[in-house]
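Using the sequences and the hints, build the whole thing.
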Amino acid sequence: MNHGPLVFLGLLVSVVCSWAAVVMVPQFQVGDQGMVRIEETGQDYPQAPAGLARRGAEVYRANGCQYCHTQQVRDAGEGQDLARGWGARRTVVRDYLRDQPAMIGTVRYGPDLTNHGIREHDRVKLLQRLYNPRWVMPGSPMPRYPYLFELRRVGPDGGSSLNALPLPEGEGPGAGLEVVPTPDAEALVAYLLSLRADPLFFEVFPPPAPKPATNAEPSTLTATNLPPSP
Amino acid sequence: MSSRPRHSAEKRVAVEPLDAAALERLALLDRVARWPVLALVVSGLFWAVIAGGLQVIAAIKLHAPGFLADTAWLTYGRVAPAAANLFVLGFGIPMGLGVAAWLTSRLGSVPLAWRGMMLVGVKAWSLGLLVGVVGILGGRGTGIEGLELPAFALPIMLPGYLLMAAPVLRTFAQREPGEVYVSQWYVLAAVVTFPWFQLAGTLVAVWFPLRGVLPAMAGAWFLHGVFVLWFLALALAVVFYFVPKLVGRPLPSRNVALFGFWMLIIAGPIGGPARFIGGPFPAWLPSLGVVGNVWLLVPLVAVAVNLLLVLRGQRTLVKSSNALGFTVFSLAACLLWFGLNIVNSLGFFRHHTQFTLFTPGLDWLLLWGGFGTAMLGAVYYLVPRLMGAEWMRPAWVRMHLGLVAGAVVVLVGAHLLGGWLHGSALRDPTVPFVDVARRYIPFAATGTLAWLLLLGANLLLTVQIGWLLWTTHGASCVPEVRSWLRPETREVNP
Numbered sequence: 008m009n010h011g012p013l014v015f016l017g018l019l020v021s022v023v024c025s026w027a028a029v030v031m032v033p034q035f036q037v038g039d040q041g042m043v044r045i046e047e048t049g050q051d052y053p054q055a056p057a058g059l060a061r062r063g064a065e066v067y068r069a070n071g072c073q074y075c076h077t078q079q080v081r082d083a084g085e086g087q088d089l090a091r092g093w094g095a096r097r098t099v100v101r102d103y104l105r106d107q108p109a110m111i112g113t114v115r116y117g118p119d120l121t122n123h124g125i126r127e128h129d130r131v132k133l134l135q136r137l138y139n140p141r142w143v144m145p146g147s148p149m150p151r152y153p154y155l156f157e158l159r160r161v162g163p164d165g166g167s168s169l170n171a172l173p174l175p176e177g178e179g180p181g182a183g184l185e186v187v188p189t190p191d192a193e194a195l196v197a198y199l200l201s202l203r204a205d206p207l208f209f210e211v212f213p214p215p216a217p218k219p220a221t222n223a224e225p226s227t228l229t230a231t232n233l234p235p236s237p
Numbered sequence: 409m410s411s412r413p414r415h416s417a418e419k420r421v422a423v424e425p426l427d428a429a430a431l432e433r434l435a436l437l438d439r440v441a442r443w444p445v446l447a448l449v450v451s452g453l454f455w456a457v458i459a460g461g462l463q464v465i466a467a468i469k470l471h472a473p474g475f476l477a478d479t480a481w482l483t484y485g486r487v488a489p490a491a492a493n494l495f496v497l498g499f500g501i502p503m504g505l506g507v508a509a510w511l512t513s514r515l516g517s518v519p520l521a522w523r524g525m526m527l528v529g530v531k532a533w534s535l536g537l538l539v540g541v542v543g544i545l546g547g548r549g550t551g552i553e554g555l556e557l558p559a560f561a562l563p564i565m566l567p568g569y570l571l572m573a574a575p576v577l578r579t580f581a582q583r584e585p586g587e588v589y590v591s592q593w594y595v596l597a598a599v600v601t602f603p604w605f606q607l608a609g610t611l612v613a614v615w616f617p618l619r620g621v622l623p624a625m626a627g628a629w630f631l632h633g634v635f636v637l638w639f640l641a642l643a644l645a646v647v648f649y650f651v652p653k654l655v656g657r658p659l660p661s662r663n664v665a666l667f668g669f670w671m672l673i674i675a676g677p678i679g680g681p682a683r684f685i686g687g688p689f690p691a692w693l694p695s696l697g698v699v700g701n702v703w704l705l706v707p708l709v710a711v712a713v714n715l716l717l718v719l720r721g722q723r724t725l726v727k728s729s730n731a732l733g734f735t736v737f738s739l740a741a742c743l744l745w746f747g748l749n750i751v752n753s754l755g756f757f758r759h760h761t762q763f764t765l766f767t768p769g770l771d772w773l774l775l776w777g778g779f780g781t782a783m784l785g786a787v788y789y790l791v792p793r794l795m796g797a798e799w800m801r802p803a804w805v806r807m808h809l810g811l812v813a814g815a816v817v818v819l820v821g822a823h824l825l826g827g828w829l830h831g832s833a834l835r836d837p838t839v840p841f842v843d844v845a846r847r848y849i850p851f852a853a854t855g856t857l858a859w860l861l862l863l864g865a866n867l868l869l870t871v872q873i874g875w876l877l878w879t880t881h882g883a884s885c886v887p888e889v890r891s892w893l894r895p896e897t898r899e900v901n902p
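Protein chains in written order, with this note's numbering: chain A, 8 to 237; chain B, 409 to 902.
Calculated from the structure, these hints are not laboratory results.
Keep in mind that the hints are not guaranteed to be accurate.
Claimed, not checked - Computed footprint of chain A on chain B, listed as stretches where at least three residues anywhere in the stretch have a Cβ under 8 Å from a Cβ of chain A:
#1 597-606
#2 611-624
#3 679-691
#4 845-852
Remember, predicted model here, so these are calculated numbers, not experimental data.
We put the CB at the ideal spot given by N, CA and C, even for glycine.
So this is what it looks like as structure tokens:
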């Protein structure tokens, strides 16, 4: 241990090996995965997100929603994700092929959003949630995102913009003002509505129920080959 | 492992009282290292204060959703990663390198080499970091935890790092012949491995991102590597330096220390995937991480046996020495981190802690409890020696120790306990999510208090260093600065 170069070499080998094991080997194993054909729908999965949703993913990343929300569902043995209704199955590598980057998250200050598009279809409710989460969920600690909206003066004839956000009774910025979502807010909501990872393919089928007997068992083989007893 | 150490570094570290010539030599080394080390320490402290401010904002936002909500730049999802990056890269790297440079010069008994390079390097590093963090606050973060800095930051930072690190390696290469001391191994490990972690991680996660979930894994690899091989390694370097030195007993076993060191180096960097147990990865990958983490049991025992034997029966000494107080606190935090990190990879425990406050709590235990306090202890020891002046008030040093220790205990305690309750609520599907949030929010709020304490503590140190600079160099600077302000008095001469 008194030879600097030896220590240096040892350190380098350790870093390179860990790098190979943790990043490169998985890349060789799953890096060239492609889409799969889902038999029920006849469609390939995962599909590239529609343009607006793709832009919404950028908004999601830029505003760091992933520091409070995960997008990964664990199996029943690992946690209560399935019981909480966050998905019908666990998520696997293939679910994220189209995500750039995949924001799987590490902390759940808020609920998992992997399958949010299945639970929620109401665009207005989501916009309201972004403007003030307490409008849709009393007591919510989720931050507000008023900067994704514009405040506009209502026109002189009392009419409001077509896309103005419907406000809950007695709430809002005040008389004479309306809340209009920015394109970013619309994109983010499109993204949230698009979130789903539910198709079933071979990696994620539930493990088959144990069969009573298999072909490999010599006893059964002989048994089936025997002529039926009279 | 030569049997007859000539200029044994351990001897210098340990028992014998130094003669006048040796003391003079040390004083010379310290004087030579003064400006580069001070520049790195001050820069680390500067970023720690900025990061502390941002972290307080982030912590408040966790329990007050309307707080500063109108500004996009200050939304939770930007402030939190900005603060984390500043703590790791702004505080951790320069502060660690400053202390590492000083240790290398002292333990090798040679003057710090290439000092000007360090001064340039720390500026480049800070500039790159500033640009990157402004990028995160402006919404250009990469979205990959641990590697959030936008692609353009690293090309500025990495040369800066190399300029700061090369002098440390150069000084190490020029050391006096003889045994290399434990602390020197750890310093070498940290300084050599860090740029690889950052470069290799950024390469596949940011510059040429792999598809799907693999960049996230690269981020975890980077984070865990830096936590073990930078924060833990440098904390141990400092602890291994100060504990035997200040207690006045040599390490019981160099071989055990050596064994522990290599076990840490081998197992440390593969623990990262354990952050994603049950996640969307090939199943063997998180298991590999668990193996790596459980393996840390070996270095845990090796470190604990060696140092606790030195410390046995030294309670009064630990209480009376500031540097030792900080160091022992750091050692305790490191050992606790080791232990918790191991049990946290085991199923029965992790089922309660995954995706909860526990995760950041564990990181902060190592970052502030282990690394931070070790560095602060070293700073309190080395800065007066570099400057040739005493601290303003010894009582303030004690106060700082109290503040930091208090902050770490409150912060980590709240997150670990809160994390457990958070996890238990998550595990009960009948509890609606707002009620899950109600369970963890009191603990998150306690965290805010701790971050405020820590911010105050770091400001206290800033004031003290500022005061020290003022008393030693104020007298010579003031006339100079005055003359800049009144140039005409200079120009009267023909």
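Results of checking the hints against the structure:
1. 597-606: Holds: 5 residues of the segment 597-606 of chain B have a Cβ under 8 Å from chain A.
2. 611-624: This one holds; 10 residues, not fewer than the three required, reach chain A with a Cβ under 8 Å.
3. 679-691: With 10 residues closer than 8 Å to chain A, the segment 679-691 of chain B meets the three-residue bar; holds.
4. 845-852: holds (count 4)
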